[in-house]
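Spelled out from the first residue to the last, the chains are:
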Amino acid sequence: MNYVADVRALARKDLLLELRARDTLPAMLLFVVATFVVFHFSLPAHSSQLAASGLLWVAIVFTALLGLGRAFVPEREQHVLDGLVLAPCDRSAIWLAKGIATFAFLGAAEVVALPVFALFFHGIGIATVAAVVLADVGICAVGTFLGAMAVATRARDLLLPLLFLPLAIPIVVGGVGASVVSSPGRYIWFLALYDVVFGVLCWATFEYVVTE
Amino acid sequence: MIRARKLGKRFGDKRVLRGLDFDLAPGGFAVVTGPNGCGKTTLLRICAGLAVPSEGTIDVDAPRAAIGYLAHDPLVYRELTALENLDLYGRLYRVPERRERIGMLLERFGLWDARHQRVASYSRGMTQRLALCRVLLHGPELLVLDEPYSALDAAGAELLDAQLDELHGDKTLLVSTHDPGRVAPFATAQIALA
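Quick note, the sequences are listed as chains A and B, same order. At the far end of the first sequence sits residue 212, using my numbering, and the numbering has no gaps. At the far end of the second sequence sits residue 194, using my numbering, and the numbering has no gaps.
Source of the hints: derived by calculation from the structure; they are not laboratory data. The model shown is predicted, which means the values in this text are computed figures rather than measured ones.
Beta-carbon label-pair distances, calculated as ranges:
(1) B:G110 with A:S42: 57 to 65 Å
(2) B:H116 with A:I126: 39 to 47 Å
(3) B:K14 with A:V4: 39 to 47 Å
Quick reminder that beta carbons are idealized off the backbone N, C-alpha and C, glycines included.
Based on the provided sequences and hints, a complete structural model is requested.
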């Protein structure tokens with residue numbers, strides 16, 4: 001119960017910080033909508049649905065990257081991460097709470113982004129929505145972990161994309177697959193498996209990322 | 001409470017601590033002095049558990065929940081109010097009667113009227129007072145204070161004097177300062193770094 005209370009307190013703090021500073025969500029929204037507008041005008045007329053589905057996933061991954069790059073900025077500014085690391089709570093609670101907050105921001109951006117995509121390109125099926133939700137879980141799990149790793153370095157702005165994008169390739173493969181095939185079951189399961197494997201790995205090893 | 005033997009720390013080629021031995025008994029008050037860059041902050045971070053030594057050993061006989069660490073930075077969120085920051089730490093440290101304890105500390109350090117203001121609007125001295133509230137919130141047995149008088153005005157420094165007077169003998173304190181005379185009445189040991 002203490003663990004859940006710690007996660008709740010930390011996630012509530014992240015949501016409150018975003019409510020106050022409005023640093024992350026507006027930037028993600030603007031970015032994803034602007035990306036779709038650019039894609040809309042850059043794709044040749046009569047392009048296939050397959051190409052448009054690929055662009056959806058490119059936009060999602062880079063929008064997430066934008067949010068992940070901001071995730072640990074409040075902790076970095078005042079070295080607050082030291083204060084959280086010293087607290088007697090399980091350190092994985094910091095990761096889980098940050099992941100939940102990032103998931104909320106990404107989900108909020110997608111609530112706007114998916115209808116905009118449908119407006120500019122083609123309709124979105126339930127399989128794509130399920131794939132987006134599962135992909136968000138994986139993106140936030142891995143991205144938050146790598147964000148904490150990158151924030152301790154001087155090359156943080158460079159390091160996060162370099163570490164995150166290779167690990168996001170399976171998510172893009174699963175997401176595009178689920179969006180374009182007629183029976184997307186195995187791609188959905190693939191994304192769920194990715195979430196479980198990487199979620200457990202990140203949860204179990206986060207302590208080593210935030211301690212010297 | 002703390003036992004260090006042949007303690008050393010290096011960052012790449014740069015060595016900031018070398019062969020340091022000291023003991024700090026429970027209830028002791030050690031003052032860490034030395035010029036800029038001699039490793040005072042590094043030593044305090046090692047004692048707080050935020051850094052590991054490159055050489056030697058250190059035994060700190062206090063769990064994380066019993067350590068209060070005052071850093072150069074206040075370790076509070078600028079976009080949250082004083083009350084929200086202390087409430088977060090109070091929850092994480094499972095402070096009993098959290099609200100009463102927070103209220104008492106904010107009153108004591110003269111921040112009660114500013115409790116609903118965001119820390120971003122605080123002066124440096126007010127932020128340092130809030131950092132002291134954060135450190136004392138969970139009633140730690142071991143207090144590791146890095147330049148606690150930094151940015152405090154005369155009234156704030158007197159408040160801290162009174163607080164240290166109340167704590168010394170009962171709690172264990174490791175305090176780094178450029179003004180050892182200020183804490184001389186409480187000190188039981190001095191660690192002079194070169």
